[in-house]
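**Student:** Listed below, chain by chain, are the residues.
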Amino acid sequence: MLEIKDLYASAGTKEILKGISLKVNPGEIHAIMGPNGSGKSTLAQVLAGHPAFEVTRGQVLFEGQNLLDLQPEERAQAGIFLAFQYPVELPGITNAYFLRAAYNEMRKARGQEEVDPMDFLDLLEEKLKVVDWGPEIMQRPVNAGFSGGEKKRNEILQLAVLEPKLAILDETDSGLDIDALRTVAEGVNRLRHPDKAFIIITHYQRLLNYIVPDYVHVLSSGRVVMSGGKDLALELEAKGYEWVDAQAEALAR
Amino acid sequence: MSSSVESLVGKEYKYGFVTDIESDIAPRGLNEDTIRLISAKKVEPQWLLDWRLKAYRGWLKMSEPHWSNVKYDPIDYQSIRYYAAPKTTKPLGSLDEVDPKLRETYEKLGIPLSEQKLLAGVAVDAIFDSVSVGTTYKAKLAEQGIIFCSFGEAVREHPDLVQKYLGSVVPLSDNFFAALNSAVFSDGSFVYVPKGVKCPLELSTYFRINAAGTGQFERTLIIADEGASVSYLEGCTAPKRDENQLHAAVVELIALEGATIKYSTVQNWYAGDERGVGGVFNFVTKRGKCVGANSKISWTQVETGSAITWKYPSVILQGDNSVGEFYSVAVVNGKQQADTGTKMIHLGKNTRSTIVSKGISAGEGQNSYRGLVKIMPKADRARNYTQCDSMLVGNRCGAHTFPYIDVQNSTAALEHEASTSKIGEDQIFYLKQRGLNTENAISMIVNGFCKEVFKELPMEFAVEAQKLLTVTLEGSVG
Ligand SMILES: Nc1ncnc2c1ncn2[C@@H]1O[C@H](COP(=O)(O)OP(=O)(O)OP(=O)(O)O)[C@@H](O)[C@H]1O
Ligand SMILES: [Mg+2]
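Residue numbers (my numbering), protein chains in the order written: chain F, 1 to 253; chain A, 1 to 478.
Next comes chain A alone, as it looks inside the complex (with noise of 0.2 Å):
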């Protein structure tokens, strides 16, 4: 008998510990008393309160979208608690002070926060829950005027940058979870590269949501000023829990003329059991900028985790020659939904953007890839490249694509080449012939399906992303 393709055996998951610190927490609930009582928790200037405010005014007019092809019961914005601090005395001044049960959660997830890792040329800032305890190798980026701190930090010690650039490329008003995220963002990193300057680290920041009932807002905003450079990791795992938790975090870049921001993201956050009960709905705005001639900003994710994933990270392509980029992995397995794409906004002449989406859906997942590829009037041969390839495991999973395409100008040239196919027995066979075991075998063939997207990931990550593959999908054909 043709054996299915298919068993599920939800993959125990592994990072699903609690660290029991004593969290600084708000009561449940948002109203304008919550965002006042974020604002003065984190000591913040009277702009930033004022500009919080607004767009909570903004949010209460605005309904939750519904239009992407995921499906999960209302969100209680009342029942979240929108502040939860590990508690600390004092400012922390090196590492060594962070608490060591905080270091010991990090070590469980493997996260090189100590100066070892200097080695390894990775910089991190870690954030746990909202607050960011601490920031690795300040002194050695600030050398080269490279500041890369908390998103708290910058507003008390670079209050102008923040203020020049926060809300330049998603507005206030942008999207539902956008502006909610603007209301009550907690914390997150802030980077800025000088002009010229090539960061010589990779710069990497971990999240991990830890208390109950806390929304993860994080707020993330990198600037590459003319001419500079950067790569930036982002790290993601969530403990196990029976409730959802939201993550409405928004990721800002802007780069300057001539300057590149790479950003790659390992997003690993709990998916919920097999029976779809508890998991991370990772709702977020990711947004980069090329606003100088000669930029480039490219986005690579690896998504494994999160119950929903719904995200776009986009560029809009302002500056002249510039270059856009997304390589994009999202890995659906038991009951997960991913909704992902890119949007790619062609204003500039000679513009060009390149867009890799690999879907892999097994179990019962769902995957969507949705992109647009917007071309403005004036962005005189602007050119697109398009692929996006599906891969199903098993045959009660699925994958959609639903691809827009805006074109105003007639100089430009879009490419588009997409693909669905099944892991086939017949290539399991052949490498278990060939003395490979079933899980083996898939983690081959689906390493090799998504090459093209891990050879974009700085080559630690890049390890990493191909066990979290192999984890994610284990069990997932018998």
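With the rest of the complex left out, here is chain F (with noise of 0.2 Å):
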């Protein structure tokens, strides 16, 4: 499904990723670990298109397709989904607004027709019980006042909206209290499907006890230096980052 190929990107005249390789297939879910400033958020961002990173080598290929000759909107489209680490916030534009508009936007993509308020709000009634939310959510100006946990919890409500095929949330877990993580956590499991995979950025242990990864990859300085199975998100926690650093030193010898 994903496939990334030594990627390098920079913002202005700093090298931020440093060579990444990854492989995603549909139905797995991907733990990236790293410590702060490793690149993690880059990484995401990238593969969303930001327009503040220049890649400077590699390629990402996203369903056969060259994903970086795309504009953001388009891997959007394409079924790429990015929750922010730090979702902005849209005064003046009601959450329902902007959830239909871009739900009809990927509905057109997909040549489908766009649906009216009305059905809408039906189904949106469905995805609200996702993240264990009422309607009156649905009337507020997009992130506009909410609190962090409210934040992350309205961007898993938009990735059950919109249904990618590929997830990557940025710390999604940061900021939420153990009832919203584990509500969020079973949200993104109710998205589980054989067709999707998910990439979840996470500093902590205790989201992947909630949503099982198939591999976890651990980033230092722009560069995958550890990969393996769930159970290496364990050892990272019983061993911190030195460990990490002294088993990439080891490597690189």
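One should not assume that every hint holds.
[Said to hold, decoys possible] Once the Cα atoms are required to be at most 30 Å apart in a straight line, the calculated BS3-like pairs of lysine-lysine come out as: (1) K41(A) to K54(A); (2) K451(A) to K127(F); (3) K108(F) to K455(A); (4) K165(F) to K129(F); (5) K108(F) to K198(A); (6) K195(A) to K349(A); (7) K127(F) to K196(F); (8) K455(A) to K151(F); (9) K108(F) to K467(A); (10) K164(A) to K349(A); (11) K455(A) to K343(A); (12) K343(A) to K61(A); (13) K18(F) to K196(F); (14) K41(A) to K198(A); (15) K165(F) to K127(F); (16) K343(A) to K127(F); (17) K198(A) to K61(A); (18) K14(F) to K422(A); (19) K151(F) to K61(A); (20) K451(A) to K151(F); (21) K18(F) to K230(F); (22) K18(F) to K165(F); (23) K18(F) to K239(F); (24) K23(F) to K5(F); (25) K71(A) to K41(A); (26) K108(F) to K127(F); (27) K198(A) to K451(A).
Everything labelled a hint here was simulated from the structure, so no lab data went into it.
Can you join these two chains into the complex? Each is in its own frame, and there are hints to help.
**Tutor:** In structure tokens:
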């Protein structure tokens, strides 16, 4: 589904990603961990097409097409969804209006008809259950005045509505209380599907207790320095990043 | 690389067609004879001619003001034609008699001149250049004693009302452009809503400047008698021309005791090309007077067009407990300049005013908010709330705010909020990540920004205003 080959990316003159390779198949869940500033969000943003980053080398294939040739909205329409680490606020635009516009863009891209507000409300009712929210939230402006946790939850609601093929969750668990964490994790688990894949960026093993990954990768200074199964996350939690660095050094020698 | 949130592509002006109708036009230039000619063409009574001449003589002694934050080449008042009427042989009895070419123009503009519009609750008085060509639903409105007609007709049919109120809010000598308008105004709209009557339709006028080199000087007078209420919509469009066209209108609103007037404008005049050539100079004096107690005047404007916009729809709050409101969206793109805002003059007790101004600057546009809140000594417990927000698109445009406050009564309570934001790359990216293209993303962000103003517009206009905003900003972000 997704194949990243030797990807290098920089912001201005700062090189951030230094040769990342990763392969994600349908149905898989990949966790990406790594210290602050290691490039996790950058990788996510580059995949989504953020204009602040320039890809200087490498290739990304998504379902066989060259992802880097596509505009961000084309990537979204192709089925890539990014749950942002820091979701932006959109004052004056209601959640309902925004979500329907996004949903209709996806439908149009698939050659389907747009849905009218009434039908969309029916759909929403279903999706709101995923995040355990009432309908009031839909009349509030997107993320404006939302608490940190509410913003994250709103990302998951969008994920549930838009039903992407590949969802990248950038620290969606940060800032969530224990109940919210469980709700979000359950939401993601409900959206699991043999045709769909997830990349989950997190600092905490905690989340991975709920969403069990198939693979865990550790990023350090813009490189994948370790990959393994779900146990790697446990080991990481026990031994810390110093251990990773030591391993990486040993590897480099 | 961080892509700059900007790339300037001038948007083709969609309404830039010229209708070919033989115009009955005055020679260029302005002197007392021009004024006599206008007055004679319109078969006006002597008092009105005298009034015009008095205005003209006053105007001669005035000089063009230059305190606003806009720049333009000097206007040659002798090169303007002050009168242009589409040629018709006899007065029009019904809409069907309107010149088909004119009707076509309206069709192109999408003006709802047909009777079907009654269903939508809109009555239209269309001003084509300077003469009003057709007024719909007059009969329907007349049943309730509502007068909705061209200014010229009002002078003929209701001279006492016109004479009583003309210039009562904007006096002859008020300012340079108002004085010029008083001398040469050609037509406009007149509304009178009698005591206790709530006007059942939204009254609507579309203005359009057509003939080359004609300034448009309409005059609008709206009177809501005691306990009456009316909502009036004004839409404006002008064809594309290389030369600058002057538009110096005067609008006077009078609200008697307990009356309410809501005046909404969507202004989309030609803004000039991407190099700043051509476009309308929109120098307008709009003012309302809450004469009676418990009256209310509300201005809502969406200004997306014109090369230069210079206007301050204001309210004189004379009656106790009267309310003044000003809701504004002003958008500049390309080389457009806007200096707009309001004046709220509190005279009566417990008077309240609200100002919500949303300025959007893109391209090399310059947008200034200029507002005055004045609390006079007798205005006990007057209140004002001002909110003034600016949004910048790209980094070659400018937003400026000039709030003036003059408080002469210690019981006054004034609140002022202001903000400036830049339309963020991250906001746009967020929306693109959710599948929207750049234009739709910007349109959504900007419409969200303007929401508090759009919700004041009648439904139909709100939709049109949103579209206009999108068209105006098209190509401003890349
Ligand atoms: N637009 C930018 N311009 C310059 N430097 C940037 C930019 N974006 C990110 N960086 C830098 O790139 C590095 C990687 O940042 P990134 O946000 O990808 O880290 P992260 O792994 O997600 O960290 P965290 O765990 O704290 O979220 C950091 O040093 C950061 O300062
Ligand atoms: Mg991060």
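**Student:** List in ascending order the numbers of the hints, as given earlier, that are violated by the structure.
**Tutor:** 5, 14, 16, 17, 19, 25
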